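Given the sequences, and given the hints that come with them, work out the whole structure.
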Amino acid sequence: AAGVIQSPRHLIKEKRETATLKCYPIPRHDTVYWYQQGPGQDPQFLISFYEKMQSDKGSIPDRFSAQQFSDYHSELNMSSLELGDSALYFCASLRRSLTSTDTQYFGPGTRLTVL
Amino acid sequence: ELKVEQNPLFLSMQEGKNYTIYCNYSTTSDRLYWYRQDPGKSLESLFVLLSNGAVKQEGRLMASLDTKARLSTLHITAAVHDLSATYFCAAKKSSGDKLTFGTGTRLAVRP
Chain X
208 AAGVIQSPRH LIKEKRETAT LKCYPIPRHD TVYWYQQGPG QDPQFLISFY EKMQSDKGSI
268 PDRFSAQQFS DYHSELNMSS LELGDSALYF CASLRRSLTS TDTQYFGPGT RLTVL
Chain L
208 ELKVEQNPLF LSMQEGKNYT IYCNYSTTSD RLYWYRQDPG KSLESLFVLL SNGAVKQEGR
268 LMASLDTKAR LSTLHITAAV HDLSATYFCA AKKSSGDKLT FGTGTRLAVR P
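Quick note, the sequences are listed as chains X and L, same order. In short: position in the first sequence from 1, add 207, done, that's our numbering. In short: position in the second sequence from 1, add 207, done, that's our numbering.
These are calculated hints, taken from the structure and not from any lab test.
The calculated lysine-lysine pairs, modelled on DSS-like cross-linking and capped at a C-alpha distance of 27 Å, are: (1) Lys-259/X x Lys-299/L; (2) Lys-299/L x Lys-229/X; (3) Lys-264/X x Lys-222/X; (4) Lys-210/L x Lys-264/X; (5) Lys-259/X x Lys-300/L; (6) Lys-264/X x Lys-299/L; (7) Lys-264/X x Lys-248/L; (8) Lys-222/X x Lys-248/L; (9) Lys-248/L x Lys-229/X; (10) Lys-299/L x Lys-275/L; (11) Lys-264/X x Lys-300/L; (12) Lys-248/L x Lys-220/X; (13) Lys-299/L x Lys-263/L; (14) Lys-224/L x Lys-263/L; (15) Lys-300/L x Lys-275/L.
Fair warning: this is a prediction, and the values are worked out from it, not measured in the lab.
Written as structure tokens, this is what we have:
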């Protein structure tokens, strides 16, 4: 079965640079979530989109922005990168319905290293 | 604000033994999830528990939910090395989208 696709899988950036992470949800999934997981930490919710509109917002820094496009893929844009932004960034998707268990299916993650 | 706590944080088990991981959450949640994560890998969905008294089993893992106590458990039966991973519980409030994760339990099964 098709899974969530994230690209790139690994990314190395310098401080103060910008980065763009991409997420392609499972086909027919209409909701996308972004999570950040620091080393040895639990995943922290950043932001989510449903039908191309922001649906919830968590602890996302102002330096980060995200959007969902008409084909439902999503991009997380990160500017003025800091050392503390080094983490695994996960995208998850689901298809909303009245009978759904709302299980979020996670992608493989993008490992961002800021030097 | 929804808070989720797990214990223990680290669990070293001998193969063949049983053990339970506990997950407490602070406010009403309409969904409780269990995920498995291997080092550096993605989160794999194990169980979703929807109602009080719900019990689900898959192989050597069994999850249950007590909404009155705001407690979920993940019971491991006759552990095998392949179960070594980090296990996260996560809760979701009915009014929002996000999952709030517990701290994770790092399970190591030794021969």
